[in-house]
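Novice: Could you slot chain B onto chain A? The hints should help.
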Amino acid sequence: EPEVTQTPSHQVTQMGQEVILRCVPISNHLYFYWYRQILGQKVEFLVSFYNNEISEKSEIFDDQFSVERPDGSNFTLKIRSTKLEDSAMYFCASREETGSNQPQHFGDGTRLSIL
Amino acid sequence: GESVGLHLPTLSVQEGDNSIINCAYSNSASDYFIWYKQESGKGPQFIIDIRSNMDKRQGQRVTVLLNKTVKHLSLQIAATQPGDSAVYFCAENAGSARQLTFGSGTQLTVLP
Numbered sequence: 001e002p003e004v005t006q007t008p009s010h011q012v013t014q015m016g017q018e019v020i021l022r023c024v025p026i027s028n029h030l031y032f033y034w035y036r037q038i039l040g041q042k043v044e045f046l047v048s049f050y051n052n053e054i055s056e057k058s059e060i061f062d063d064q065f066s067v068e069r070p071d072g073s074n075f076t077l078k079i080r081s082t083k084l085e086d087s088a089m090y091f092c093a094s095r096e097e098t099g100s101n102q103p104q105h106f107g108d109g110t111r112l113s114i115l
Numbered sequence: 001g002e003s004v005g006l007h008l009p010t011l012s013v014q015e016g017d018n019s020i021i022n023c024a025y026s027n028s029a030s031d032y033f034i035w036y037k038q039e040s041g042k043g044p045q046f047i048i049d050i051r052s053n054m055d056k057r058q059g060q061r062v063t064v065l066l067n068k069t070v071k072h073l074s075l076q077i078a079a080t081q082p083g084d085s086a087v088y089f090c091a092e093n094a095g096s097a098r099q100l101t102f103g104s105g106t107q108l109t110v111l112p
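Protein chains in written order, with the working numbering: chain A, 1 to 115; chain B, 1 to 112.
Be aware that one or more of the hints could be misleading.
[What the hints assert, rightly or not] Within a straight-line C-alpha distance of at most 27 Å, the following computed DSSO-like cross-link-like pairs (lysine-lysine) qualify:
#: 1; chain 1: A; residue 1: K78; chain 2: A; residue 2: K42
#: 2; chain 1: B; residue 1: K42; chain 2: A; residue 2: K78
#: 3; chain 1: B; residue 1: K42; chain 2: A; residue 2: K57
[Said to hold, decoys possible] Not close to chain B: a few residues of chain A, all C-beta gaps over 12 Å, as computed:
#: 4; residue: Q11
#: 5; residue: I20
#: 6; residue: N28
#: 7; residue: V43
#: 8; residue: D62
#: 9; residue: P70
#: 10; residue: D71
#: 11; residue: G72
#: 12; residue: K78
#: 13; residue: L84
#: 14; residue: E85
These are calculated hints, taken from the structure and not from any lab test. Note that beta-carbon positions come from the ideal geometry of N, C-alpha and C, so glycine has one too.
In isolation and in its complexed conformation, chain A is listed as follows (with noise of 0.2 Å):
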């Protein structure tokens, strides 16, 4: 079955480091989103990716984030300058294009670790 996959699996990173999150969605998957959940919460929207354009984002996600599809198969997440509460597991999902009721999908997620 196919399935969304996501790397690293933790990354442990300096405050005001940049990081970046990576993602390889569903092959014929079109909408690609990015949540985060911090630890014991629930999981949090942050951005959505349609046609090479963020179609809907978060008070979360401010200027300090970013989403770039950078070739066919990617889909990444970028922290420009990270802050201590950006600690939170990171998952990508994604959905096909086909009917507006699709369940997305998602990975395993990458926990980050923000020193």
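Specialist: Below, chain B without anything else, positioned relative to chain A:
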């Protein structure tokens, strides 16, 4: 603001019994709902979905019920197994990009 939430944070059931996990939502405009299972160290795993024009949908050992009158969603797991132990989230499809709004999650523990 409108949100999706869960009634119980934890649920313990005996192996072989049926489990029922509940969810309340407040956005009456929501038209699509999904149940996800999250095991430790893993991402949310799709279990079952339901559109708002339905009130019941069945999968393998799982059934989702939707009551739009009271804005309530439930997940029923038949013959619960140890492998069903996980956190279960309901999620609501919202927004123009169909981004998900998740509930807080219910920890299901299956007792031997």
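Novice: Against the structure shown, which of the earlier numbered hints fail to hold, in ascending order?
Specialist: Hint 7 alone not satisfied by this model.
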